[in-house]
Amino acid sequence: MASRSAQRAGDVAWARTPKVNGELFALTYGAMVKRLVEDYTEIDEVNEQLEKMGYNIGIRLVDEFLAKAGLPPCQGFQETAEVIAKVAFRMFLGVAADVTSWNSEATAFSLLLADNPLAEFVELPRQYKTLCYSNVLCGVVRGALEMVSEEMRSLGLG
Amino acid sequence: RRRADMFVIVGRSEPLYELELSGGSGASASGNLDQFIIHSALDMVDTALLQHTSLFLRTVDSFGEKFVSAYVTPSHVKFMLLHERNKNEDTIKAFFQEVQELFVKITLNPFYTYDTAITSKGFDDRVRALANRYLA
Numbered sequence: 001m002a003s004r005s006a007q008r009a010g011d012v013a014w015a016r017t018p019k020v021n022g023e024l025f026a027l028t029y030g031a032m033v034k035r036l037v038e039d040y041t042e043i044d045e046v047n048e049q050l051e052k053m054g055y056n057i058g059i060r061l062v063d064e065f066l067a068k069a070g071l072p073p074c075q076g077f078q079e080t081a082e083v084i085a086k087v088a089f090r091m092f093l094g095v096a097a098d099v100t101s102w103n104s105e106a107t108a109f110s111l112l113l114a115d116n117p118l119a120e121f122v123e124l125p126r127q128y129k130t131l132c133y134s135n136v137l138c139g140v141v142r143g144a145l146e147m148v149s150e151e152m153r154s155l156g157l158g
Numbered sequence: 001r002r003r004a005d006m007f008v009i010v011g012r013s014e015p016l017y018e019l020e021l022s023g024g025s026g027a028s029a030s031g032n033l034d035q036f037i038i039h040s041a042l043d044m045v046d047t048a049l050l051q052h053t054s055l056f057l058r059t060v061d062s063f064g065e066k067f068v069s070a071y072v073t074p075s076h077v078k079f080m081l082l083h084e085r086n087k088n089e090d091t092i093k094a095f096f097q098e099v100q101e102l103f104v105k106i107t108l109n110p111f112y113t114y115d116t117a118i119t120s121k122g123f124d125d126r127v128r129a130l131a132n133r134y135l136a
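Top line first, the protein sequences correspond to chains U and W. Numbered by the working numbering, the letters in the first sequence go through residues 1 to 158 in order. Numbered by the working numbering, the letters in the second sequence go through residues 1 to 136 in order.
Chain W on its own, in the form it takes in the complex (with noise of 0.2 Å):
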């Protein structure tokens, strides 16, 4: 089975930054379907805020076979992992942490408008980087 995984952010209003984590060219269909969980696991997250205490909001959704993860930064910008079976909790919030450390670097660039999408491709390279050691 394909591994069709997808890690976004989301600002205020708009995703922020894409990653397709799936090895190759999955169908572009099933491209668009992913974008389309990750979109409406927003709600989710926002009622699982006012449940939990931490960051970390683990699995806020699932759909079919497909999982999705959450994890809000204080200033609610929110990180989402779409993934096919429920991966170690532990891997995935210390993926979410790593990244953001890096969200945190860029949001320091004086160049670099808040709740914008970003496209340092230095960033996309240390993502990339950090989602093959953790989620591969």
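Only chain U is shown next, with the shape it has when bound in the complex (with noise of 0.2 Å):
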């Protein structure tokens, strides 16, 4: 199925990409989120530098993913979302998201990660609510995508 292998493209990519402590990666994501909590008085604003952070990094990021996974051109959106669960953000993350909630005209997804190493140690305050933690995640795929030119919209959920 063009999941499983889609699986397996992504262990084989994650296998040889250099790898970074956890901790330190998710402590630094952490300290740049309460930087920006604290320069930003709304919480909508920092959800949308974050998405902004998020869609500079993509916008670069597809050409390594494009170089490092070696995949053919994805047929179609269906499995465009299976790449970029199971090959992208394995490889990148270190674990794959899983692709649910399609629309009945197949033009939208939701991707669940199950285990999100960016908030390893992350509680949030009841205060910032609405904050969407991960909001970099979102901005990531709409930069990639972009540059493959297929236009696309997300609604973060934090």
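Any given hint might turn out to be false.
What the hints assert, rightly or not - The calculated lysine-lysine pairs, modelled on DSS-like cross-linking and capped at a C-alpha distance of 30 Å, are:
1. W:66 to U:129
2. W:105 to U:34
3. U:34 to W:87
4. U:129 to W:87
What the hints assert, rightly or not - Chain U stretches covered by chain W per the calculated footprint, using a threshold of three residues with CB under 8 Å from any CB of chain W:
5. 110-123
6. 135-149
No lab work stands behind these hints: they were computed from the structure. These figures come from a predicted structure and were not determined experimentally. Yeah, the Cβ is synthetic: ideal placement off N, Cα and C, and Gly gets one too.
Starting from the two chains in their separate frames, assemble the complex, guided by the hints.
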């Protein structure tokens, strides 16, 4: 099945990439989010900034991904979704995501991260309830897809 | 006799966390006394720190029938336990060590400012569970 071969490609790509300490990664990201929260008064602005950062990462990351993963072009949006979830996420984040909740026109889907390395030690205080902590990931996906000329919108849900 | 145990985490300048382990309602007068005992034992902790090489300071003070055991983290946050009679020291030490693991996780939360009160309900629930397991 497409999903299983995507999974295998993801595992291979992950094995090949250089690794960084997960705690350092989580703490760095956390420090950055905390800084943003302190600098911007509105949580929505923080979400927007995180998304913009992600976008800047995504437009560059997609070339690296296509070079390293060595996959053929995707045959359709559904295959694109699987590749993002199982190969790209696995390769750069270390954990594969699940593709769920397709809409009826097959133009929208959800990416579910069972285990989010970005939010390793995080407990959101009540006043930051609307913060999309991992919104940078939404931006990365948007930037990456835009570079391969797929316009998209994402609704981050932290 | 009612067991009026109390566990306090003390930071550089103020208590960060308090847990009363007495089942039900101890008289509130004795509640204040417990806090007083723990805070006056803080000086004893500083003295004991100079003598001990390890983190677990055992019993640093006693007041009537109550004993205060202490444990200091490498960052000088003090865990103080007020208890009625000499419990097994290894049990107390194990309790302190497990709480320290929870404490470290709290400090790793980017939204937690160091040396401030710990308000996480998850932390509270887990410390209560540990207290029930080790100290009940």
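Is the straight-line distance between the alpha-carbon of residue 34 (chain U) and that of residue 87 (chain W) 30 Å or less?
Answer violated: residue 34 (chain U) to residue 87 (chain W) is near 42 Å, above 30 Å.
Hint consistency between residue 66 (chain W) and residue 129 (chain U) [alpha-carbon to alpha-carbon, up to 30 Å]:
With a Cα-Cα distance of about 43 Å, the restraint between residue 66 (chain W) and residue 129 (chain U) is violated, given a limit of 30 Å.
Please work out if residue 105 (chain W) and residue 34 (chain U) have their alpha carbons no farther apart than 30 Å.
holds (17 Å)
Taking 8 Å as the C-beta cutoff, is the stated coverage of the stretch 110-123 of chain U by chain W satisfied by three or more residues?
Coverage by chain W holds for the stretch 110-123 of chain U (4 residues, Cβ < 8 Å).
Mind checking, does the stretch 135-149 of chain U have 3 or more residues with a CB under 8 Å from chain W?
violated (count 0)
Has the given pair, residue 129 (chain U) with residue 87 (chain W), been kept, meaning a C-alpha gap of at most 30 Å?
violated (43 Å)
The structure is inconsistent with the numbered hints 1, 3, 4 and 6, although it conforms to all the rest.
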